[in-house]
Amino acid sequence: MSEQTLVDVQDLVIEFDTPKGRVRVVDGVSFSVSPGEVLGILGESGSGKTMSTQAILGLIGGYPGVMGGQINLNDQGVTYELLKDLPSFISERRGQPEKNERAWRKHRYAQMKKLWGRAITSIFQNPRRSLDPLMTVGQQVKESIQARESHKDALERLNDQAQTEEALEWLAKVQMVDPARVYHSYPHELSGGMCQRAMIAVALACKPSILVADEPTTGLDATVRAQIVHLLQDLIKAEQCAMLYITHDIREMLYLADRVIVMRHGKVLEQVSANDLKEHALERHEYTQVLLDAAGMIGAHDE
Amino acid sequence: MTGQSTGQSTRQSTWYSTWYSTWHSAWKEQPLSFKLSSIIVVLVLCFGVINPFISYDPVLDVELSRRDLAPSWEYWMGTDGQGRSVALRLFKGIEAFFFPGLIAGLFAAFVGGVLGALCGYFGGWIGRSLSAVLELIDTLPRMVFLVLICTIFPPSILLISIISSVLFIPSIATIIRRKVEALGAEDYILAHVAHGFHPLKIISYHILWLQCRALLTRQMIFVFSYVLFIETALSYLGDYGVQEPYPSWGNMVAQSRISAVAWPWALPALAIIITIAALLAFGDGIARREEEVKR
Amino acid sequence: MTQKNMVLSLYKQGSLLLLGMIALVLCTPQLGNAQVFRYPESSKQSSLMPFFVENMSAVRITEFIFEPLVTKNKRGDIEGVLAYSWTPTPDGLGITFKLRQGVKWHDGRPFTARDVVFTVKAAQDRKTLFNSKSKYRFIKSVQAIGDYQVQFRFIQPKKKPEELFNFKIIPAHAFKSTAIKRLDKFNRRPIGTGPYKVEEAALRVTKLVKFDGYWGRASIRGVEMIHTPDSSEQINLLKYSGQGSGVQAVIFIPPKNLSIFENSDTVVLEPYHTVSWWYLAFNHKNKGLSDVKVRQAIAMAMDREELLGAHLGQGDILSGPFTESSPYYNFDVEAREQDLDEAKSLLDQAGYRMKRGVRTKGRTKLTLDFVLNKDLPNSQQLALSIQAQLKQIGVDVKTTFVDAALYQEKVFNRKQFDLTMNVWSFNEIEDIFPLFRTGAPSNYISYSNKAIDAKLDESRRESDYKAHKEIMMNLHQMLNEDLPYVFLWSLDIYSGLSRQLKDIFIQPYYYYSFFKDWSLK
Amino acid sequence: MSQIGLDHPQQKSAMLNEATIRWSLWLGSKLLRGLSLLCGASFIIYATLRSAPGDMVDLILGLNGTPEMKADLRAEFGLDLNIIEGYGRWAWRALSGDLGISITFMPGEPVLSLAGPAFLVTLSIAVVSLLCSIAVAYGLAILLGPPRPRQAFLLGPIQLLNAAPSFVVAICLAKVINELIQFQLAGGGQIPPSWYPIPTYQKITDSIAPFCFAALSISLGDGLFTDLFNALRAELMSLNESLFISAVRAKGAAVRKHLIKNLIVPTLSVFTARLPLVLSAVVIVEYIFTLDGSGYLLLQAAKNRDVPVVVGVSLFFIFAVIVMNLILDLVKALVDPREVAKGD
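Protein chains in written order, with the numbering used here: chain C, 16 to 318; chain X, 5 to 299; chain S, -17 to 503; chain R, 41 to 384.
Bound conformation, chain C alone:
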């Protein structure tokens, strides 16, 4: 597409080996994200939405993982074709394509090393488990800042004191009540909502151009969920960061997203703008309607 897109995914195919044989979990998914835009991916669990984003991040665990397609990632005007070398890692074996997973992973990590954090970063579903339990929250935020600063020249780098201060600032920005205390706390001492805020701080402290938020509100209380969603929206705006927001909650989606794609069984069912989804619910795909209905949205509009 144009240079305006940050991420462009074409015909992505992801497969996994299970005891029952090979299963295709993502089957020819395509979408793209422009700067500053919030793209929502909507679907039930198991629909392949998480896998598609993990593929972009290069963090797929499991074998054989990505088996085809294109992912282009734009970082400061340079476009990286992430899956360009994929075919050379795939070979035919007993009539089934096999991948040299280890080499691929190595290749992928090498590729992503300079992009992680700066071009793209992520927050995950389970906030407690996505923070290192053995490190204070503050240090983990600071680590993001360090990672960011390490890309810069030595002269421009912030010193240690400044980094600590910035970390504290970030904790304040995500509306922590007592940033200094939180700075020295370990993840197990915080509540789930606080962990997720800390995680948002960790992610945004990298100053990424696109943030992947993978169901960040699952498992949180309804009030906390709302806070997190608001917080995300505010911060995304403030940081001028694009976001790939994954959820199965259609309300959150309508609130946050500019554009929505609906996925099921590893395929994209449709791609609509959030407004269209709101306004013309009845013209939507059957499955989307089911989702809207489940959230009690269709009835509301009919009246």
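Calculated from the structure, these hints are not laboratory results. Just so you know, these numbers come straight off a predicted model, no measurement behind them. Careful: at least some of the hints might be erroneous.
Covered stretches of chain R (chain X as the covering partner; in silico rule of three or more C-beta atoms under 8 Å from a C-beta of chain X) [as the list claims (entries may be wrong)]:
1) 301 to 309
2) 333 to 343
So the derived label-pair ranges between C-beta atoms look like this [as the list claims (entries may be wrong)]:
3) X:Glu295 with R:Val216: 38 to 46 Å
4) X:Leu64 with S:Phe120: 52 to 60 Å
5) S:Lys86 with R:Asn104: 29 to 37 Å
6) S:Ser272 with R:Thr106: 22 to 30 Å
7) X:Tyr60 with S:Pro359: 25 to 33 Å
8) C:Ser288 with X:Lys205: 42 to 50 Å
9) X:Pro75 with R:Thr106: 53 to 61 Å
10) X:Pro35 with C:Leu297: 49 to 57 Å
11) S:Ile137 with X:Glu67: 52 to 60 Å
12) S:Glu181 with X:Pro56: 40 to 48 Å
Cβ coordinates follow ideal geometry from the N, Cα and C atoms, glycine included.
Position chains X, S and R relative to chain C; hints supplied.
Using the frame of chain C, we list chains X, S and R on its own:
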């Protein structure tokens, strides 16, 4: 991992074909190691059960004129330094560890399970003092203690199996206690309590039987294999295991390790290795399967 | 992933280090202990103190460290060691020894008559506890005359009293009192007058070095005793006798391993005769076994030739309580051959009939508890074969193998046995009085026979050699008839000695009595 | 709500004091518990040994000993007291570091000087083999990556081999060394003894080869390697796949630091859990390779009914396990903040 569920076909069928097909598909899904090990375990079980019915006089088997014969049709694992058939002794040797191992395993699993459940469910001073005693037993170095016992008391395989099962009770009890403690916090156990079930029923049926069954089976198999192991080790260290002339795999290895030919010691050693490997793999397989079923 | 590279490089370094270590081990020259004589023992010495020797290992190792007043030389004559001359009193009730001058203890102090007096006093002290106290009981008094002369008085007249002074002398200055404690430090770091002094008594190895101030001559620079419980390991070590870690002698080579060294360039097999014989003892408290016919039947059921040949190698089958080299051995008495029919008819005569595979008479079943000491060589195999042989005449034998301490308890103290197999070893002449006399200390089988008792008492009283011999040969005949034991055999024992050793002479009991003449190339 | 600065001195010192008290209480209770376990376990062993049939005094004085002599000797050996009194006296002396003296195996030798060096040999074999196994297990886990069906061909045989009891491995190894390597090297004649030197002196350095062989048999036998490999691999895999490592990756920071820090406790746990089993295995294996470890000492002393030595050696075993557990607890508390929170 996100996996697509394959379409489930529901067929009308008789009870036996249902049973057969469940069994068959369950069997087919198992990894090769589990299949192999369960075959060996079943063989050992069968041999162990039919063993006492086969008469064998270890005294009359001694025939000095046919010492150290190579494997042949007549003696298909050769003969040892006393002219006894290695194959026959190998077979009869199962008796030495089979029942003691079974008794030790059952005893350790039963007592360990009950004690662990009591400690975990009741807590308080009963639980604390029980677990203090268990910890004390657990502190005893197993091998050292067994060697000690066998050196100073007249050796007997029953003694060995009882002592080793006692030494294993603490570790089993600890595992069960942890499990019970974890389960005690689960909602459905709380729900059972709220429904007014008798605590004994909750412990024995809902916790021990339904939840810890596989765990206990695995521990039992482990103790069983430990009896085989310890019998062998003690036989080696100084005839503390089963006494000649009665055969055991341990004293077969120990007695003939300096013999000029390999088969009298190598074949029992191989039997020990294979049996222990199979038992352990079998236990693991059972535990894994149970977990899969739960998921 | 860089982890992989890290691991690989770590392993590379690790394996290099390992290779280096192995190379180092291989290249380390074997430390120059060429002049050191090393030998394994299957049991550790009970003590290094002569009073407290309770096993053969201790008997042998104290031979290097201590010396007696007199000893028997290679021809069997009495020869002075610490004494150079002696004069018995004509009444046979005393003896005076003149001691060698210039003998030094390992700590440099001179050896004097005081030490001899102290040794006897210490041995007779009520508080010094050891099992061979009876050896010193014949001495009534001891007195030092000057520094180098000692005078003894006896309780009873003695024929050749100097023969009795082969006990080892300990230094008076090393002890505070004559009550010698077992846990004294001296017993680990003893001081003797012998050619070798203790350098180190470690867990497994006892190291002795030549004592420079020794009054005589000794050729080999040092001795090391290595405790090696496993007999096959001993053989293994003898195979490497040429190298630093090998041994130069194995005292007893099991018969089945003799073939290894038969044509060896490095090891020579040296036979020696110990005054010891094997026996199968009956517990005479057992109802069945108190019947002489049953005992005879059991003796006749056994094929001793086969047992000996299959499990122990060469030796003499005995018919009585003496070895064939003994003056008392009665060659007119024949050893019983295996004769199953005769054995069965004997049992029939005694009234024992077959009942479910076991001979039974009334309530008495011939089901016997056979208790064995595990430390007896090849006890397991022997027991198995005996079991099989006795089964043929319907005697059911259950074997129990126990360790030495438990054996002592079971057999000697509690007498919970029916059958047991053991060896009696004697240092010179077989004294069978304590074995068979009613109520004697070594008569643990509760044997009692009036005729034998009378004969034994007679042998004690008789001092004329010829008459004594006559009595003993008579006893041999009687014991063979009455069978308190089944007398089994005496073994031809072979030592394996390295060909590097020269001028070897083995004393059958003490083994290293003539070690100072040995040399090592 | 007042914002407190990062390093407010007052707060810090207060926190420090509180932490010190909490820590010392924690440590004190752990030490007390260890000590009581030590006492209990050594009493069990003492009592077992004293109530054993077979009396060394009878064996020593033989058939010639009179009852008075036996009573005297028993008093000298400290066997005249009853079990509880005897243990009490022993324990009282043991508290001051005096484990008594050997009575029959090496009469008069202090137990500490016998059991100490012997246990050092045993412990070092155990620790070396454990550490090697852990290192190789980690290495193999990293090299092999996530589990794959094809690896079964490599791992299956390893698992099978590992089911062998360590002493069976040791016997085979000894056979191979004696028959094969020596034959190969020397053409069937004389054998270079350095392949199989007997340990002459109690020092480990004099017996590197048997030491290595013993360590090798331990690492191969008893399923030690398999268990470690499976446990550590699972740990490594779950950590590698865990969300927070992905998160660390996604923010572009170095992963290694997090990995290592998170692996310390599981590795140490595995080490501690395995240590008693490995120590037991060494007891047998060192017997085969004729090393002067506590296995040798224990067997000989037990044969001689040498009560102080047996109890002394066992004490070292118990002590090692208790100390290792203490270290594990300590490290856990230091590394993992969750532990301290759980601790009280």
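- prompt: Is the hinted range of 25 to 33 Å satisfied by the C-beta distance from X:Tyr60 to S:Pro359?
  reply: About 28 Å separates the Cβ atoms of X:Tyr60 and S:Pro359, which means 25 to 33 Å holds.
task: Take the C-beta atom of C:Ser288 and the C-beta atom of X:Lys205, compute their distance, and say whether it sits inside 42 to 50 Å.
output: Since C:Ser288 and X:Lys205 have Cβ atoms about 59 Å apart, the given range 42 to 50 Å is violated.
- prompt: Does the Cβ distance between S:Lys86 and R:Asn104 fall inside 29 to 37 Å?
  reply: 34 Å, holds
task: Could you check the hint for me, namely that X:Leu64 and S:Phe120 are 52 to 60 Å apart, CB to CB?
output: 53 Å, holds
query: So the hint says 52 to 60 Å: do the beta-carbon atoms of S:Ile137 and X:Glu67 match that?
result: Given about 58 Å between the Cβ atoms, the range holds.
- prompt: Are three or more residues of the segment 301 to 309 of chain R within 8 Å, CB to CB, of chain X?
  reply: violated (count 0)
- prompt: Should the hint that X:Pro35 and C:Leu297 are 49 to 57 Å apart at their CB atoms be regarded as holding?
  reply: 51 Å, holds
8 Å C-beta test of the segment 333 to 343 of chain R against chain X, three or more residues: Check passed, 4 qualifying residues.
message: Looking only at beta-carbon atoms, does the pair X:Pro75, R:Thr106 fall within the given range of 53 to 61 Å?
response: 59 Å, holds
- request: Starting from the range 38 to 46 Å, see whether the pair X:Glu295 and R:Val216 falls in it by beta-carbon distance.
  value: 40 Å, holds
- request: State, for the Cβ atoms of S:Glu181 and X:Pro56, whether the hinted interval 40 to 48 Å holds or is violated.
  value: Given range 40 to 48 Å: violated, Cβ gap about 59 Å.
- prompt: Between S:Ser272 and R:Thr106, does the C-beta distance stay in 22 to 30 Å?
  reply: For R:Thr106 against S:Ser272, whose Cβ atoms are near 28 Å apart, the range 22 to 30 Å holds.
In summary, the numbered hints that this structure violates are 1, 8, 12.
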